[in-house]
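Top line first, the protein sequences correspond to chains A and B.
Just so you know, we're using the numbering used here here: the first sequence kicks off at 240 and counts up by one.
Just so you know, we're using the numbering used here here: the second sequence kicks off at 2 and counts up by one.
A few of these clues could be false.
List time: in silico DSBU-like cross-link candidates among lysine-lysine, alpha-carbon distance up to 35 angstroms [claimed, not checked]:
| id | chain 1 | residue 1 | chain 2 | residue 2 |
| --- | --- | --- | --- | --- |
| 1 | A | LYS420 | B | LYS87 |
| 2 | B | LYS119 | A | LYS409 |
| 3 | B | LYS119 | B | LYS146 |
| 4 | B | LYS132 | B | LYS87 |
| 5 | A | LYS332 | B | LYS119 |
| 6 | A | LYS420 | A | LYS409 |
| 7 | B | LYS84 | B | LYS146 |
| 8 | B | LYS84 | A | LYS409 |
| 9 | B | LYS28 | B | LYS146 |
| 10 | A | LYS255 | B | LYS132 |
| 11 | B | LYS131 | A | LYS420 |
| 12 | A | LYS420 | B | LYS119 |
| 13 | A | LYS409 | A | LYS332 |
| 14 | B | LYS87 | B | LYS119 |
| 15 | B | LYS34 | B | LYS84 |
| 16 | A | LYS255 | B | LYS218 |
| 17 | A | LYS409 | B | LYS218 |
| 18 | B | LYS132 | A | LYS409 |
| 19 | B | LYS34 | A | LYS255 |
| 20 | B | LYS84 | A | LYS420 |
Because the hints were derived from the structure by calculation, they are not lab data.
Nothing here was measured: the structure is a model prediction, and the numbers come from that model.
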Amino acid sequence: MKFNEILSIRGNFLIKATPFLIFISSIVVFNGMVDDWGRLSGSIDNLFVFIRESLWPPDWSVIEPQAYPICTAYPLIDFTCSTAWIGLLETLKIAFVSTVFGMILSLPISLLAARNLNPWWLSYSSRFILAAFRSLPSIIWAIFFVILVGFGPLSGVLAMTVYTIGYLGKLQYEAIEGMNKTPLYAAEAMGLSRFETAFQVVIPESANDLISQAIFMFEYNFRHGTVIGIVGAGGIGYYINLYLKFLQYDKVIAYLIIIFIVVLLIDMISIFARSFFTEEGDMPKPSWFHVILPASMIKK
Amino acid sequence: MTGDSKEIEVYRNPIVRLLDVEIGYKKTEPLVKIPNLEIFPGEIVAIAGPSGVGKTTLLRTIAGLVRPISGSVEVCGAVSPSKPSKGILGYVPQRLGLIRHTSVMHNVMIGANAGHNKSLWSILPSSLAKKYASEAINSMGLSDKLREPIRRLSGGQQRRVATARTLAQRPSLIMADEFLSELDEDTMDMVLTAVTQYVRQSGAALLVVEHDVSRAKSMADRLLVIDDGRVNPFITEATAMEVKI
Ligand SMILES: Nc1ncnc2c1ncn2[C@@H]1O[C@H](COP(=O)(O)OP(=O)(O)OP(=O)(O)O)[C@@H](O)[C@H]1O
Ligand SMILES: [Mg+2]
Numbered sequence: 240m241k242f243n244e245i246l247s248i249r250g251n252f253l254i255k256a257t258p259f260l261i262f263i264s265s266i267v268v269f270n271g272m273v274d275d276w277g278r279l280s281g282s283i284d285n286l287f288v289f290i291r292e293s294l295w296p297p298d299w300s301v302i303e304p305q306a307y308p309i310c311t312a313y314p315l316i317d318f319t320c321s322t323a324w325i326g327l328l329e330t331l332k333i334a335f336v337s338t339v340f341g342m343i344l345s346l347p348i349s350l351l352a353a354r355n356l357n358p359w360w361l362s363y364s365s366r367f368i369l370a371a372f373r374s375l376p377s378i379i380w381a382i383f384f385v386i387l388v389g390f391g392p393l394s395g396v397l398a399m400t401v402y403t404i405g406y407l408g409k410l411q412y413e414a415i416e417g418m419n420k421t422p423l424y425a426a427e428a429m430g431l432s433r434f435e436t437a438f439q440v441v442i443p444e445s446a447n448d449l450i451s452q453a454i455f456m457f458e459y460n461f462r463h464g465t466v467i468g469i470v471g472a473g474g475i476g477y478y479i480n481l482y483l484k485f486l487q488y489d490k491v492i493a494y495l496i497i498i499f500i501v502v503l504l505i506d507m508i509s510i511f512a513r514s515f516f517t518e519e520g521d522m523p524k525p526s527w528f529h530v531i532l533p534a535s536m537i538k539k
Numbered sequence: 002m003t004g005d006s007k008e009i010e011v012y013r014n015p016i017v018r019l020l021d022v023e024i025g026y027k028k029t030e031p032l033v034k035i036p037n038l039e040i041f042p043g044e045i046v047a048i049a050g051p052s053g054v055g056k057t058t059l060l061r062t063i064a065g066l067v068r069p070i071s072g073s074v075e076v077c078g079a080v081s082p083s084k085p086s087k088g089i090l091g092y093v094p095q096r097l098g099l100i101r102h103t104s105v106m107h108n109v110m111i112g113a114n115a116g117h118n119k120s121l122w123s124i125l126p127s128s129l130a131k132k133y134a135s136e137a138i139n140s141m142g143l144s145d146k147l148r149e150p151i152r153r154l155s156g157g158q159q160r161r162v163a164t165a166r167t168l169a170q171r172p173s174l175i176m177a178d179e180f181l182s183e184l185d186e187d188t189m190d191m192v193l194t195a196v197t198q199y200v201r202q203s204g205a206a207l208l209v210v211e212h213d214v215s216r217a218k219s220m221a222d223r224l225l226v227i228d229d230g231r232v233n234p235f236i237t238e239a240t241a242m243e244v245k246i
C-alpha cells in the first residue's frame with residue numbers, strides 16, 4: 240500500500256471516530272468535576288422520601304382565594320383571587336408588555352444591523368448593542384433593575400424588554416439579511432431612501448418572519464418570566480420563592496404544575512399562530528391535530 | 002415613430018451616456034467594453050446577445066447597482082458614482098423583485114410613490130400616486146387582481162406587475178430586463194403597446210434586454226448586439242433607411 244493510501248484510510252477512520260472521541264472526552268471531563276460518585280447512590284432514596292414527605296400531594300390551596308384582601312368575585316370564579324391566578328396573570332402581562340416594547344425598540348436597531356442594508360460600520364455597531372443586551376440572561380437584568388427601581392413588575396418589564404431587544408433583534412436582522420435581494424435592487428434603482436426601503440420593501444417582505452418571531456418571543460418571555468419573580472421582579476415567581484423559603488414544597492409543586500400546563504398551552508397556541516406566518520401561507524391551514532403531533536409524524 | 006419627431010429629439014441631451022465603459026464584477030475580467038453609447042429621449046433601444054454575456058450586468062451598471070470597472074456612466078446628468086434623484090430611473094429586473102406576500106396594489110404603489118412623492122420620508126401615498134398606480138395596473142390588464150398577493154399570480158402576471166410598478170413611477174428612463182418573457186402574443190402586444198405609448202408620449206427612454214432578436218428589431222429604434230464582449234451598434238431595418246451612415 241502506498242503511503243498516501245494509508246494516510247487516507249487513517250484520515251477516514253479519524254473522521255468517523257470523532258463523535259466517539261468527543262463523547263469519551265465529555266465523560267473524562269465530567270469525572271474530573273465530581274469528587275465522590277457515592278453521592279449518587281443515595282439520591283433515588285432521597286427522591287422518594289422527598290416526594291412522599293414534602294412534594295406530594297400538591298397543596299391546591301394556592302388556587303383558593305387569599306384570606307386578605309377580601310375576595311369580591313363571584314364564588315364560581317373566586318379562583319381569580321388566588322395567588323396562583325394573580326401571579327400567573329402578572330407574569331403574562333409582563334411577558335406581553337415587554338414583548339411589544341422589545342419589538343418596537345428592536346426593529347429599528349435590527350434594520351440598522353442588517354448588513355445588506357447598511358455600511359459595515361453601522362451594522363457592526365448596532366450588532367454590538369444587541370449583543371450587549373443579550374449577553375446577560377433576563378434574570379440578571381431583573382436583579383439589576385430591582386436594585387435600580389425596586390421590587391415589582393416594573394423592574395420585570397424593564398429587564399425582559401432589554402433582553403427581548405437583544406434576542407429578538409438578532410432574530411430580526413438574520414431574517415432581514417436572508418431576504419430576497421432583487422426587491423432591494425429595484426428599490427435602490429428607483430432611488431428610494433433607506434427609510435422608505437425599510438417601510439415599503441424590507442418590513443413587508445420579511446413580515447411573516449418578524450411576526451412569527453415575535454410570537455415565539457412572547458412564549459419565551461412567559462417561560463422566563465416565571466423565574467424573574469424569584470429576585471423580586473414580579474409575577475408568579477415571587478410566590479414560588481416565598482413558599483420555597485418557608486419549605487412549603489407541596490405548594491411549590493402545585494405552582495410548578497400550573498406553570499407546566501400554561502407553558503404547554505402557550506406553546507401550542509404559539510405553534511398554531513406561527514404556522515400561519517412561517518411557510519408560504521398557501522398550505523392548508525393547520526389543524527390542532529398538527530400542533531399536538533410532531534411534524535415528522537404527519538405524512539406530508 | 003416618425004422621422005420628424007426623432008430629428009427634434011436627437012438634439013436634446015441624451016438620457017444615458019456611456020463613454021469608454023468596461024462593465025463586470027471583477028476588475029481583472031471585464032465582461033463587456035462599451036466605447037460609446039447614447040440614448041435619447043423618446044428612444045427605444047434593445048439589447049440582445051447570448052446568455053451570460055453581460056446584458057443584465059449592463060442594465061445594473063446603468064442603474065447604479067454595479068460600479069463600472071472604468072469609464073463614465075451618466076444618467077440624466079448624474080455621473081456615476083452619483084445617482085439620479087428619486088423616481089427618475091425605473092427598473093424591471095429579470096427576477097422582478099416583487100414583494101411576494103403583499104398585494105399587486107402594494108407593489109405597484111412602491112413605484113408610484115417613488116415617482117410622485119418627492120419627500121424621502123414618505124409612507125403615506127398621495128392621491129396622484131394612487132391614480133397612476135391604478136392606471137398602470139389597468140394598462141397591464143390586472144385590474145381584477147388588485148388585492149391578490151403576488152405569490153398567487155402566474156409567472157407572466159408577476160412580470161406584468163413589475164412592469165406596472167415601473168409605469169406607475171413614470172420615470173425618465175425605463176430599463177426592462179426580458180419583460181416580455183412568459184407572455185402569450187396578445188398579452189405581449191398589450192404590454193408592449195402600453196410601454197411604447199408611455200415612452201413616445203412622455204419622452205422617456207426605454208432600454209430593453211430582449212433575447213429574441215426578431216422581436217427586438219420590431220420593437221426598437223436601435224438594436225445593440227453584445228457579442229464577444231463588445232457592443233455593436235446595429236441599426237434596425239425600420240430606421241436603417243433614414244439614419245444610413
Ligand atoms: N453578482 C454577480 N457576481 C459575480 N458575477 C456575476 C454576478 N451576476 C452575474 N455574474 C456573472 O456575470 C456574467 C454575466 O451575467 P448577466 O446576468 O449579465 O448575463 P445576461 O447576459 O443577462 O444573461 P441572461 O440572458 O442569461 O440573463 C455571467 O457569467 C455571470 O456568471
Ligand atoms: Mg440577464
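Taken at face value, is the distance from the CA of B/LYS84 to the CA of B/LYS34 at most 35 angstroms? Measuring from Cα to Cα gives roughly 21 angstroms; hence the hint holds.
Would the pair A/LYS255 and B/LYS218 pass a check requiring their Cα atoms to be no farther apart than 35 angstroms? Violated. A/LYS255 to B/LYS218 sits at ~62 angstroms, over the 35 angstroms cutoff.
Distance restraint between A/LYS409 and A/LYS332, which requires alpha-carbon spacing of 35 angstroms or less: Distance ~24 angstroms between A/LYS409 and A/LYS332 Cα, so the pair holds.
Next pair to validate is B/LYS119 with B/LYS146; report whether the Cα-Cα distance is within 35 angstroms. Measuring from Cα to Cα gives roughly 28 angstroms; hence the hint holds.
For the pair we were handed, B/LYS84 and A/LYS409, check the Cα-Cα distance against 35 angstroms. 32 angstroms, holds
Does B/LYS218 sit within 35 angstroms of A/LYS409, going by the straight-line distance between their CA atoms? Between A/LYS409 and B/LYS218 the Cα gap is close to 51 angstroms, so the pair fails against 35 angstroms, i.e. violated.
Need the status of pair B/LYS84, B/LYS146: alpha-carbon distance at most 35 angstroms? Holds: B/LYS84 and B/LYS146 sit about 34 angstroms apart, inside 35 angstroms.
Check whether the Cα positions of A/LYS420 and B/LYS87 lie no farther apart than 35 angstroms. Answer holds: A/LYS420 to B/LYS87 is near 20 angstroms, not above 35 angstroms.
Under the criterion that the straight-line Cα-Cα distance not exceed 35 angstroms, is the pair B/LYS87, B/LYS119 satisfied? 7 angstroms, holds
B/LYS131 and A/LYS420: Cα distance at most 35 angstroms? With a Cα-Cα distance of about 26 angstroms, the restraint between B/LYS131 and A/LYS420 holds, given a limit of 35 angstroms.
B/LYS28 and B/LYS146 were given as a pair; does the straight-line alpha-carbon distance stay at or below 35 angstroms? With a Cα-Cα distance of about 45 angstroms, the restraint between B/LYS28 and B/LYS146 is violated, given a limit of 35 angstroms.
Can the restraint linking B/LYS132 and A/LYS409 be considered satisfied, given a maximum Cα separation of 35 angstroms? This hinted pair is violated, its Cα atoms lying about 40 angstroms apart.
Hint compliance for this structure: hints 5, 9, 10, 16, 17, 18, 19 are not met, and every other hint is.
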